[in-house]
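Please take these sequences and the hints and turn them into a complete structure.
Here my numbering is used: the first residue of the sequence shown is 19, the next is one more, and so on.
Please note that the accuracy of each hint is not assured.
Said to hold, decoys possible - Here are the computed lysine-lysine pairs in the DSS-like style, where the Cα-Cα straight-line distance is at most 27 Å:
(1) 46 to 101
(2) 48 to 112
(3) 25 to 45
These aren't lab readings, by the way, just hints derived from the structure by calculation.
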Amino acid sequence: STTGFGKSAFGSVAQSLGRGDIAEAIKKEKDWRHQYPKHLDAMTDQLCLTATQDPEKMAQALRAGLEQARAMEFESAEGTTIKLAEAMAAKPKKFETVKV
19 STTGFGKSAF GSVAQSLGRG DIAEAIKKEK DWRHQYPKHL DAMTDQLCLT
69 ATQDPEKMAQ ALRAGLEQAR AMEFESAEGT TIKLAEAMAA KPKKFETVKV
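This is the structure in structure tokens:
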């Protein structure tokens, strides 16, 4: 499930904006799958407001979310665990055609 990952990344953005209340609401949401839009709306409203008052703070908040996203670990097809940032930095594999 990516619920914890999403809540963590979006919570980091909210916290970086100085909106601990939004971060806490995201963290405590029990029905994230159905309720996330209201939290993302609140965070987006704050991002827009912050962009007009302090664009650098807004950019820093978005970078915090990206850093959290890049820290996500997932299991590769080979069974190893790797962080998203490491996977993105790895040499890309070529696509191949497979018959099913």
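Evaluated hints:
1. 46 to 101: Given pair residue 46, residue 101 holds - Cα atoms ~25 Å apart, limit 27 Å.
2. 48 to 112: Distance of about 40 Å is beyond 27 Å: violated.
3. 25 to 45: holds, 6 Å
Of the numbered hints given earlier, the model fails hint 2 alone.
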